[in-house]
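Student: Taking the working numbering, the leading residue of the sequence shown gets 115, the next gets one more, and so forth.
The calculated label-pair distances, taken between Cβ atoms and stated as ranges, are:
#1 Gly145 <-> Ala222: 49 to 57 angstroms
#2 Asn126 <-> Gly184: 44 to 52 angstroms
#3 Arg210 <-> Thr116: 42 to 50 angstroms
#4 Thr189 <-> Ala223: 18 to 26 angstroms
#5 Arg143 <-> Tyr214: 42 to 50 angstroms
Since the hints were derived computationally from the structure, they do not count as laboratory data. Here a beta-carbon is modelled for each residue, glycine too, at the ideal position from N, C-alpha and C.
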Amino acid sequence: MTTEQWERENQNTLKAMYETGGYGVRQFRCGYCRKLLYTRTHNRKYCRYETCGHKALNLRNSIRRRRVRGELTCTCCGKPFDPVRADARFCSNACRQKSYRQRAAETAAQ
Numbered sequence: 115m116t117t118e119q120w121e122r123e124n125q126n127t128l129k130a131m132y133e134t135g136g137y138g139v140r141q142f143r144c145g146y147c148r149k150l151l152y153t154r155t156h157n158r159k160y161c162r163y164e165t166c167g168h169k170a171l172n173l174r175n176s177i178r179r180r181r182v183r184g185e186l187t188c189t190c191c192g193k194p195f196d197p198v199r200a201d202a203r204f205c206s207n208a209c210r211q212k213s214y215r216q217r218a219a220e221t222a223a224q
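Make a model of the complete structure from these sequences and hints.
Tutor: Below, the structure is given as structure tokens:
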């Protein structure tokens with residue numbers, strides 16, 4: 115049994131130790147889901163590294179990629195927007211649909 119597993123199963127014991135001033139027990143909030151937990155590990159940031167730790171890493175990477183990508187200009191209306199996807203060309207579904215209808219009308223007229 116790992117320390118993390120033991121701490122997950124014994125939160126009531128750790129909480130009682132924390133409230134009585136137990137040595138080495140600290141209270142923290144999970145860095146992703148914000149759940150209140152008690153631990154003896156000094157560098158713990160997440161309630162579960164397999165779930166919250168990986169989700170937080172994915173979120174940080176996604177934000178970093180968006181920042182690197184910067185603002186794009188909508189090909190339909192010309193407004194600047196922050197893309198969610200790397201291959202985004204339109205600022206909204208309305209602009210995407212409007213552009214599609216224009217292309218369809220052009221091909222039908224030919």
